[in-house]
Amino acid sequence: MTHKAIIAEQRAATVERIRAEAMVLLVQDTTSFDFSHHPAASGMGILDNKYCQGFLAHSTLAVSEQGVPLGLVEQQVWIRPEEETGKSQQRHSIPFAAKESYKWVAGLPEQVVSERQQWVTVCDREAHIYEFLDVVLEQGGDFIVRASQGRSFTEDGDDLFEQMGQQDPQQLYSLSLKRRPDREARLAQVELRFGSLTLKRPKRADTERMTLSLQVVDVFEPEPPAGEEAVHWLLLTSLPIHTLPQAQQIITWYTYRWLIERFHYVLKSGCKLEESQLRAENRLERLLAVYSLVAWKLLWLTYQARQTPHVPCTVILRSQEWQALYAYIHRTQRLPPTPPTLHQAVHWIAQLGGFLGRKGDGEPGVKVLWRGWSRFQDILATWIISRPSPSKDVGNA
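Residue numbers (numbering that gives the first Met the number 0): 0 to 396.
Read the hints as simulated data drawn from the structure, not as lab findings. On a predicted model such as this, the values are computed, not experimentally measured, just so you know. Take the hints with a grain of salt, since some may be wrong.
Beta-carbon label-pair distances, calculated as ranges [what the hints assert, rightly or not]:
1. D47 - E228: 15 to 23 Å
2. L171 - A97: 42 to 50 Å
3. S41 - T210: 46 to 54 Å
4. E81 - A184: 34 to 42 Å
5. K199 - S92: 19 to 27 Å
6. A105 - G359: 42 to 50 Å
7. K199 - G359: 50 to 58 Å
8. G359 - S147: 36 to 44 Å
9. V314 - Q245: 27 to 35 Å
10. A184 - Q65: 16 to 24 Å
11. D47 - P168: 36 to 44 Å
12. S373 - A184: 19 to 27 Å
Where is the CB? At the ideal position from N, CA and C, for every residue including glycine.
Make the full structure from the sequences, and use the hints.
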């Protein structure tokens with residue numbers, strides 16, 4: 000199967016999964032896979048420079064309003080030819096649909112959400128493109144996009160960052176920041192401002208709409224801890240904001256961008272795609288599609304267990320999976336008549352990955368679950384082989 004066909008199967012499953020959702024967040028981001036250390040790799044393109052060889056992938060995850068990742072809906076893969084280097088001065092003359100940045104539009108697959116469902120795409124600063132925002136509105140969707148310095152000019156020509164900074168804060172509150180490679184998890188004391196604005200169309204924008212009427216939410220940390228970079232998010236959105244709770248909801252949904260970063264983390268650090276012994280780019284594309292299903296399922300386990308801990312684990316695990324897990328953890332062949340809860344099953348998988356579950360440990364994260372899930376695959380294979388006949392699957396297929 001091709002990469003495209005594998006992703007199409009995942010998309011179809013995601014469409015079924017999101018059918019009951021009134022609103023779906025489509026969280027997008029790009030990452031690169033570097034195979035420069037594989038001299039025999041073939042079919043690669045350039046990454047940051049001509050000495051870095053690999054390919055790029057742009058993925059879109061469907062996420063619930065509560066922050067549960069519901070599946071992959073799109074994944075684009077491409078190589079960047081070496082002749083593309085040094086062409087930044089020529090990009091203004093290229094039509095938007097022919098630019099690499101068109102990936103944001105292509106990341107909005109058709110026929111994923113129904114007409115009765117609301118959808119909102121959530122993107123970082125790279126998606127602050129007038130044409131992209133216009134396309135989202137034309138397609139009947141909404142967006143939450145972090146503003147980029149240098150692109151944030153109102154209809155009157157004012158710099159949006161300066162304009163919002165001149166307003167008095169409407170609220171002071173604590174914002175929980177996730178851990179990143181360059182930052183530990185912490186609470187940031189931030190100022191919140193929000194309002195409405197009209198963006199003017201850039202001179203070279205490839206669209207007929209002259210202005211975009213938007214809402215803006217400004218999140219600013221005036222006094223960051225020593226040695227820490229201050230938080231400053233300027234969020235553009237087409238969603239209505241009339242109250243503080245609505246502004247806070249926009250911030251919460253923007254923080255779900257963290258999920259796509261964790262998705263890429265599992266692909267690289269868990270599945271270790273860049274360490275694969277495959278050499279041909281098209282084969283690595285197919286492997287990426289397969290690993291993407293694994294990465295999403297781990298995210299789903301992690302966050303669904305926090306959202307609905309008491310539901311049966313069969314919402315995610317097949318019967319053979321939970322039975323093998325129960326038998327191994329409890330060192331028994333006698334299975335309970337009903338499956339364990341999702342919370343119990345996830346903690347057992349995390350236990351296989353080294354999670355101790357002490358009082359102050361909190362809930363297991365995707366890293367320890369990856370280790371546990373990897374070990375569990377061997378346990379599951381042994382269980383299936385040792386059983387006289389396959390047990391009837393009454394769980395999640």
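Structure-based check of all given hints:
For D47 paired with E228, a C-beta distance near 22 Å keeps the hint of 15 to 23 Å intact. At about 46 Å, the beta-carbon gap between L171 and A97 stays in the expected band of 42 to 50 Å. The supplied range of 46 to 54 Å is met by S41 and T210, whose beta-carbon atoms lie about 48 Å from each other. Our hint of 34 to 42 Å for E81 and A184 holds, since their Cβ atoms are close to 40 Å apart.
Range check, K199 to S92: about 21 Å between beta-carbon atoms, so the 19 to 27 Å window is met. A C-beta distance of roughly 44 Å is found between A105 and G359, which places it inside the suggested range of 42 to 50 Å. Between K199 and G359 the C-beta distance comes to about 52 Å, which sits within the given range of 50 to 58 Å. Evaluation of the 36 to 44 Å hint for G359 and S147 yields a pass: the beta carbon distance comes to about 39 Å.
The supplied range of 27 to 35 Å is met by V314 and Q245, whose beta-carbon atoms lie about 31 Å from each other. At about 20 Å, the beta-carbon gap between A184 and Q65 stays in the expected band of 16 to 24 Å. For the pair D47 and P168, the beta carbons lie near 38 Å from each other, so the given range of 36 to 44 Å is met. About 24 Å separates the C-beta atoms of S373 and A184, a value consistent with the hinted range of 19 to 27 Å.
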